[in-house]
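Chains as they are written, first to last, in full-length UniProt numbering: chain A, 1 to 250; chain B, 1 to 248.
You may find that some hints are simply not true.
Restraint-style ranges between C-beta atoms, simulated for each label pair [unchecked claim]:
1) A/Arg105 to B/Gly70: 33 to 39 Å
2) B/Val240 to A/Ser10: 43 to 49 Å
3) A/Ala67 to B/Lys71: 29 to 35 Å
4) B/Thr152 to A/Ala135: 27 to 33 Å
5) B/Asn236 to A/Gly62: 54 to 60 Å
6) B/Asn236 to A/Asp212: 36 to 42 Å
Bear in mind the hints are in silico, worked out from the structure with no lab data behind them. We treat Cβ as the ideally placed atom computed from N, Cα and C, and that holds for glycine.
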Amino acid sequence: MLRATGVSRSYGDERVFRDLTIDVDAGEVVAVIGPSGVGKTTLLRTLALSLEPDEGTVTLDGTDAWAVDESARLALRRRVGMVFQEASLFGGSVARNVEYGLRVRRSWSERIASLFRLSGAADAVHESLEVVGLADKTDQPADSLSGGEAQRVSFARALAYDPDALLLDEPTSDLDPRNTAVIEEAIGEAKARGIGVVVATHDMHQAERVADRVAVLLDDGITEIGPTEEIFDDPADERTRKFISGELVY
Amino acid sequence: MPLEPVAQLAPALLDSGAGPAASLLGASFREGYVGSIIAVSLYVSLTAVALSTLVSVPAAVAIGLAEFPGKGFVKSVVNTGMGFPSVVVGLVVLFAVSNQGPLGSLELIFTREAMIMSQFVLATPPITAISLAAVSGVDDGVRDAARVLGGTRIDVALVVIKEAKYGIATAVLAGFGRAVSEVGSVLIVGGNITSADGISKTRTLTTAIQLEARQGRYETAMVLGAVLVALVLTVNAIVVRFGDRGVA
Numbered sequence: 001m002l003r004a005t006g007v008s009r010s011y012g013d014e015r016v017f018r019d020l021t022i023d024v025d026a027g028e029v030v031a032v033i034g035p036s037g038v039g040k041t042t043l044l045r046t047l048a049l050s051l052e053p054d055e056g057t058v059t060l061d062g063t064d065a066w067a068v069d070e071s072a073r074l075a076l077r078r079r080v081g082m083v084f085q086e087a088s089l090f091g092g093s094v095a096r097n098v099e100y101g102l103r104v105r106r107s108w109s110e111r112i113a114s115l116f117r118l119s120g121a122a123d124a125v126h127e128s129l130e131v132v133g134l135a136d137k138t139d140q141p142a143d144s145l146s147g148g149e150a151q152r153v154s155f156a157r158a159l160a161y162d163p164d165a166l167l168l169d170e171p172t173s174d175l176d177p178r179n180t181a182v183i184e185e186a187i188g189e190a191k192a193r194g195i196g197v198v199v200a201t202h203d204m205h206q207a208e209r210v211a212d213r214v215a216v217l218l219d220d221g222i223t224e225i226g227p228t229e230e231i232f233d234d235p236a237d238e239r240t241r242k243f244i245s246g247e248l249v250y
Numbered sequence: 001m002p003l004e005p006v007a008q009l010a011p012a013l014l015d016s017g018a019g020p021a022a023s024l025l026g027a028s029f030r031e032g033y034v035g036s037i038i039a040v041s042l043y044v045s046l047t048a049v050a051l052s053t054l055v056s057v058p059a060a061v062a063i064g065l066a067e068f069p070g071k072g073f074v075k076s077v078v079n080t081g082m083g084f085p086s087v088v089v090g091l092v093v094l095f096a097v098s099n100q101g102p103l104g105s106l107e108l109i110f111t112r113e114a115m116i117m118s119q120f121v122l123a124t125p126p127i128t129a130i131s132l133a134a135v136s137g138v139d140d141g142v143r144d145a146a147r148v149l150g151g152t153r154i155d156v157a158l159v160v161i162k163e164a165k166y167g168i169a170t171a172v173l174a175g176f177g178r179a180v181s182e183v184g185s186v187l188i189v190g191g192n193i194t195s196a197d198g199i200s201k202t203r204t205l206t207t208a209i210q211l212e213a214r215q216g217r218y219e220t221a222m223v224l225g226a227v228l229v230a231l232v233l234t235v236n237a238i239v240v241r242f243g244d245r246g247v248a
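Isolated chain A (complex conformation):
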C-alpha cells in the first residue's frame, strides 16, 4: 500500500539515510526502531509525503507521489495521517482539533458553516475520541489537557478522517505507562480498521508488543526488516543483533 523504494535524503551536506526501502500494507503495523538521531523522523516525514526524497520513490497504492502534480499529491497526502512526538494541538476545543482533518477536506461553503457547528463530523469526532478514551473531553479547551491527554487527542485527530496509513513518530516517548497503554490499544484499533501503521520508536519492548514487522534503522539505512519475532529472536544482520542485545551503543 504505502511504500518507499530506494529513498535517500540529506540536509545540506549531511546525509540522513540512503537507498532505504520500507513498506506497510493495510491492517499491518510496522515498527521502525533505531537510536535517537538516526533519521526515523525524516523517514516518517518522507512517507507522509511532507519531504521529497533526494532519490527513490514513495508510492501509495502504486502511484508515485512525486511524479504527479501538486493537487494529486495533496489527494495522496490526505490518505496518510501522522502523529508527532509532541502533540502540537491547535488552540480551541478538543473537538475542533479532532475535526480539523475532516474540515480541510470539505468545500469552503461547508467549512464556513462548520465554524458555527460540528456539522456532520460529530460522530467521527466522538468515535475517534472514544478510541483514545477521551469522549468526555470533547468541549474542553485543548490547552487544558495534560501531556498524555494531548497526545491521545493528537492520535484521535489523525484517526478521525480514516486514513489508509498512519505514521506515528515516537508517540509515547513522553508518556506515563497508563497513557502509553491507551495509545498502544489505539494502534491495535487502527490496525483492526485496516489502517497500515508505521510507528517509529526507540522502545524495543513497545515494538515487540505492537508490531507485525520490525525495521531496524542504523547509521544511514535499514539493516534489516522482517517479522517481529524473527528480528528479536534470530536477527540475520550482525549489527541488528548487537543493537538489540545492547552491545551496539550510540
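For this one, chain A is given, so just place chain B on it according to the hints.
What follows is chain B alone, placed relative to chain A:
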C-alpha cells in the same frame, strides 16, 4: 489647571480656524464641532488601519511561512519602516497628491483620503513587523500538524493566523495607535481644515490639540487630549474583547 466641560469651552474653539464665520458658530460647536473632529479622526485612522491590516497580515504570514534568500533583509526593511519620520511620509504623500504629483489628477490634496494614504503608510510597517514576529513565534509543530493532517497552504496560513491572533491584534492596535496619534503628516496632507460652520473637514483630534495648544488654550487642548486617550482605550478594549471571543 481645572478642566472645564467641553461645551463650556465653545468660545475657545470657535475661532480655531473658522475665521470670519466665527460669529455663526455658537450653536454649531455644541452641536457638532468636537463630534466632527472625533468622527474625522476615527474615520481616517480606522480606514487606514483596516486597509493596512488587509495588506500587512497576509504579507506577514507570507514572509513568515516562506523560506527564501534575503528573508532577513526583508525583515530588516520592515522593522526599519517602523521608524519612518511621519513628517517625511506626509511630504511624500503631499508630493504624490499635489497637482504636479503622479496622483494629482485625483485632486486628493487636503482631503481625508490623502490623510488615509499617509496614515496607511505609517501604520503598515508596525502592523507588518509585529504580525511577522507573532507569526514567526507560532510553533513549527503546529504548522507541521496542519500540513500532515491534509491542510493546503491556505489552511496552514489560517491555522497560523489563528494561533498568532493575540500578536496580530497587538499589531493592529499598535498601528491604530500610531495612526490616531499622528500629527505631522496629517497636518501636511490634510491641512487641518474646518468648514464655514465649524464642522471638521480634515481636522483631527491631534491637529486640533496642536492648534489649541499653540494658541494658548490649554484647557481645550487637554480636554481633546483626554478624548483622544479615551478613544484609544475604547478601541483597545474592543479589540481585546474581540480576540478573547475568538478563542473557542
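Against the structure, the hints:
no.: 1; hint: A/Arg105 to B/Gly70: 33 to 39 Å; result: holds (36 Å)
no.: 2; hint: B/Val240 to A/Ser10: 43 to 49 Å; result: holds (47 Å)
no.: 3; hint: A/Ala67 to B/Lys71: 29 to 35 Å; result: holds (30 Å)
no.: 4; hint: B/Thr152 to A/Ala135: 27 to 33 Å; result: holds (30 Å)
no.: 5; hint: B/Asn236 to A/Gly62: 54 to 60 Å; result: holds (58 Å)
no.: 6; hint: B/Asn236 to A/Asp212: 36 to 42 Å; result: violated (59 Å)
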